[in-house]
Structure formats: C-alpha cells, structure tokens
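Asker: Chains A and B, in that order, are what the protein sequence lines are. For the first sequence, my numbering begins at 1 and goes up steadily by one. For the second sequence, my numbering begins at 1 and goes up steadily by one.
Hint data in this document are derived by calculation from the structure and do not stem from the laboratory. Just to be clear, a hint being listed does not mean it is correct.
[Said to hold, decoys possible] Partial selection, computed: residues in chain A whose CB lies under 7 angstroms from chain B:
hint	residue
1	E85
2	I88
3	F235
4	A237
5	G240
6	E250
7	S340
8	L374
9	Q381
10	K382
[What the hints assert, rightly or not] Chain A is nowhere near these chain B residues, computed Cβ spacing over 10 angstroms in every case:
hint	residue
11	I48
12	A98
13	A123
14	D183
15	V278
[Said to hold, decoys possible] Computed Cβ-Cβ distance ranges for the label pairs, DEER-style:
hint	chain 1	residue 1	chain 2	residue 2	range
16	B	A123	A	N249	15 to 25 angstroms
17	B	L148	A	V170	21 to 31 angstroms
18	A	Q135	B	T112	38 to 48 angstroms
19	A	G365	B	L138	55 to 65 angstroms
20	A	K268	B	V74	29 to 39 angstroms
21	B	T112	A	P295	37 to 47 angstroms
The model shown is predicted, which means the values in this text are computed figures rather than measured ones. C-beta atoms are modelled at their ideal positions from N, C-alpha and C, and glycine is treated no differently.
Letter by letter, the chains look like this.
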Amino acid sequence: MTKTHSTFSAIIELSRQSALSRRGFLGGAAALGAVAGVGLQTNPAAAATTMTWMGWQGYETPIKSGSFLADNDIDFQPTFIASNEEIITKLQAGGIGKTDLITMYFGYLPIMAEGGLLEPIDPAKVAQFGDLVPQFNAQQAIRFKDQLYGVPWNWGSLPLMYDPAAVSAVPESWMDIKKPEYKGKVAMVDDPLGNLLVWGTAVTGKPMGTLLTREELAKVIDELIDIKKNHARAFFATYGDMADAFARNEVAVSAIGWEAVAVWAKAKGKEIKYVIPKEGTGMFMDCLCIPKDAPHQDLSYKMINHVISPEPQKVFATEQSAGITNLKAVPLLPPELVKSYNYSDIDGFMQKARLQPVPPSEYDGTVATYDDFLTEYARLQKA
Amino acid sequence: MNLPNWRDLVQGRQAPLLAPAAMLWLMLFAIPLLSFLVFSFWSVKTRIMRPDFTLQNYVFTVTEYGDVLIATLVTAFVIACVTTLLAYLFSYAIRFRAGRYGDMLLFITLITLFGGYLVKIYAWKSILGRDGIINGLLLWAGIIDEPLGILIYSQGAIVITLTYFLLPFAVLPIYGSMRAIPDDLVEAARDLGATPFSAGRDIILPLSERGINVAFLLAFLISVGDYVTPRFVGGGASMMGHFIETQFSFGFNWPRGSAMSFTLLSTSLAIVIACRVVLRQALRQ
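Here chain A stands alone, though its shape is the one from the complex (with noise of 0.2 angstroms):
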C-alpha cells in the first residue's frame, strides 16, 4: 500500500510540472521508475516458472485443478485457441521454444510431427500411460515413425445437433437437414477436417470418411456447396457462433456438431440436444503434446502426468460433460456421463463415432492426399 501511494505521489508531481524541460522529465522518469521498480520488488513472491499453453477455452480446467500449479511453483498462462489449426499457425509463427504444452486433434499429429512442430514422447514419463483406454493409446496416428507423440486425454464425437423446439421429429439421416422445413436454418461451421469427418462418411457410406478417392472427395465438398449454398444459414466461425446463433433460434438443426455446443447453449438459457444420425459420425480424441523445444520439459511431463489422472480427469468430465481418457477416473464420474459415452462399450460408441486419420501426405494413386482435401475445401469455402 505504502508502495502503491508513493507512485501515484511521484506521479502527480510530475504531472504538476507544467513545462518540463528534457532532463527533468528523464530525471521525473527515472525517479518514477525506480518508485516503481521498488514497489514491483514488494510485490508477493512471483512463481519460478512460468508455464505457456494452447488449447480451447475450458481445457485448462483440470490444469488448475488441486494444487498442482502451487505446489510446482508454476505461474500458468493459457492461450485460448477459436480452431485446432490455430495452434499450428501460432506455433510456426514464433510459438515454437517458447510454449511448453498444447492440446491437438490426433489426426494432426503425424502432420505436425512431420513439419518438426512436436518434440517426440517418451511413455516411460506418461506413468498413467497404461491406464488409458488402449482403443486410444493403440491409434496409429499418435505416433509417427514410430515415435509417440501425444498423450489421449479427452474425446467426444461431432453429432447432430437440434434445437427440441423447432424441429418435427429427431433427425434420424444427416440428409434430414436437407428438409425444405429447415431451408435457411442449417448451422455449418467452418472447421475443415470436422466437415470431412461427418460428410465424408454420409456422402460415399465409407466408414473412414477422410480416406476417400479424388471423386469421392469432390462429391462430398459438392454436397458441403448445396448445403452451404441452398440450405444453411450461415457458414459459422466457430462453434461459439453456432450455440449463439441456437440461443437467438436462427438455425433449427446443424450440418456438423460438438457436444460442447449444448453446454454453452444451455448457459445462455437454449435447450439444445443431439443425436448421432444412422450413417454414424466422425469422433475426435484430442491429445497432451510438447511442442518443438519446449523450454520446460519435466515441468511438461508433470502437467500431463497431472492433467490425466484420475481427479483433474473427473473434474474436467463434468464441468465440460466431455469424455475422457483414464479408465481408473471412469468410476469417479456421474452415472449419467458414464452412460452418455458408454465407457462399458467403447467399441460399441466407436461404430457409431469413428476416429479417423486425416487424408495421407503422399498420393498413392487412390486415396486423395491432405493437400487435395485443403484444394478442395477452399472451393467450399469460396462458394
């Protein structure tokens, strides 16, 4: 308090001097800085590490969660993300060696791997490694030249989402919302690979909607263009825009969903629900990895050994009613959350919500490359 009043005095007597000349103001500055820098030094004891992370807002919860940021003396700052590539861009625009943790989309781990965005894994760090769901740590897309190179930690799947009270009967086909009842109020939302996850498969019946030939691939933006073109209302941001725009009733049922959506609809008084139509949907498991010279690394691995036990795990479950990844946190949660994703059967929920890979770096004469899909989603995005 003394401090703090001594600076704003310095302050004030530096704004009195009506005509300052350039030594006095350097010489009011300096004694102003030191004030400060005094009072700065009375600050209480600042954390010894300084920890950066990437992900959506929410993810941090079960960061904070118990002491672990107080008892490793961590000063913890989180940058929030809009989309999974943000993080990508923010890495290769200076990001790298100065972040110590993000959260990714599995399916963009061989990819970022590849480009020499993430530090590989070592698992004998991951203590609770083993008690992950195995269909998650078996993915072959977390690892690249087979090196690990992210942590499961949580999963939902991209339903159907519709709002109770402006539809007829629950949609039963992705090809519902293509109803003239829902002319103009379809929510599409711009997220690339999440449009290719659901319409790959309602498009060609595929079980692996991103592995598709080059025909394939430009039917499914075909049917993304009609959508965007004569059935939605907009071609959302973000999935924040598409839970406002459920909350202001502007669209009645989505071409692409998130389980979140519901929550945040909810918070703004909206009841939204959702269904996994029969052609079944794309699921997502989104993993703890270590960017490219993370300048923490132990400190990194404890974050992710904290992150995935079985405590922060349940409480990152219930506030965001997401799935997650310990089996030993399973028991811990609500009956409802269990049942909502069918932890007994995760086979099961994997026929319906399929995780898929994203389309292959290289052309193999058949299956239509990352790159085409980038070609061919910038011609739904132009439309």
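Since the structure of chain A is provided, determine the placement of chain B on it from the hints.
Answerer: Coordinates of chain B only, in the frame set by chain A:
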C-alpha cells in the same frame, strides 16, 4: 518547407538520432517483408520449406484464387469508396457547417476509436441479427411481419461493419486537409459569385485531395487485408486474407501464402495508384 536530403541526414548530426528508428524500421518492416518475398519463390516438401526459385506459387495464386482476388478487391473498393464519401461529407459538415458544434462532432468521431475491433464486430452482429435492433424497429413499426435474415451473414453486412470501423480513420485525414483551407479563400469565392456547391467543388474538393487520398488508401488497404469481419458477419463469404491465413496455418505452405500476399499487395497498390491518378485528373478538369 525544405526537407533535408538523404545525404545530409546520413552524414550530418541527425544520423545517430535516426539510427534507432532506422533499425526498428529495418527489423520490424523491411527485413520481414523481404523474407516473405524470398519465401514466395521457395517450395514445400513434406511440410518443410525448401530454398528454390519457382514461379509456381504465383501461377497457383492466379489460377486457383483469381476469382477470390477479384472479389476481394471489388469488396474493398466499394468499402473504400463508401467510407471516403461518408468521411468527406462528415468532415465538410464539421469544418464548414457545424459551427461551434464542430469540435464536439470531432470528439464523438475520435471516441469511436476506443472501441475494440472485435467488440465492434460483435456489436454489429447484435444490431443486424434476426433479433437485433434494426429488425426490432422494423417489426415495431409494422414494416415487416417477421425478422429479415438478410441483414447479417451477407456481403452487405461486411460493407456496413467495415465502413463503420474505418470511418474515423478516414475522417481524420480529410478533416486535417480541410482545416488547412483558409476561410478567406471560400469567402472570396462566394463574394465573386460562386454558389456553395461550386465553391465546394472548385475550392474545397481540390484542396482536400491529399486527405481524400490518405483516407481512401487507409480504408482500401485495411479492408483488402481483413479476414476476420467476413468470417464473423459474412456468414462464410471469404476474402483473400482468409485463404492466405489457411496457407500459413494448417496448409503448412508459407511460400504459397507469401506469393498470395504479394499478389494481393501488388494489385492493391496498382489500384491505389490508379485511383490517385484518376482523382487528380478529375480534380484538375
């Protein structure tokens, strides 16, 4: 005013004083820009940039994104024209018509600069939305029976939002030019029989040329590079900046993104220079 020439600045006493600013300019502007120019001729293999000299990125930009480039330039041109026209009329009103209320109007203009960019976008989303103020007023007045959906998520919404955002930036240079016009000059023209319209056309407009140019330049260049506003109020109407961002992010293709940036930059500069020449010719006729 006589400006010192370059040699005097470098050899004279000003050189040490200029050095910090020059270093900042070099490090924060010139070197990054030149780096991206060099990148635009490189190639990418397995997500990693490789030094090269290829024009393929420029060919790709023109063939794949020529339509978006033209649409972006047209949208930005419309926004710049509307903004400059409104800014001119507003500045004229402040300088020559508002009398003692002029300063207050200028203050109100400056106040709008304090609002954040995203805050303004979300404000317009609320104003133009189905349950927004405009639809509410139209419903209340009985002009419409149900809310209009076309007010937002359209090209018009982009023009309105960006025009609002850019208006203060355009008003300031034009008002600055008009403040430098002596009242005597306008009064002399009126005394010699000029109507208010012809005095405005023959005296005020030519003498405001520099301010108009700066206002147009600011409005055009800011809107041509913008991609946030179209994403949030355009409902999917994308401008070139969005596709450039894609190349730099999950496209892992900085060379292509750089080529797209320099194509946009060079065509924008060509349009700005052409507009300046046309304006100058028009004002001298």
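Asker: Which numbered hints does this structure break?
Answerer: Those not satisfied are hints 5, 7, 11, 18.
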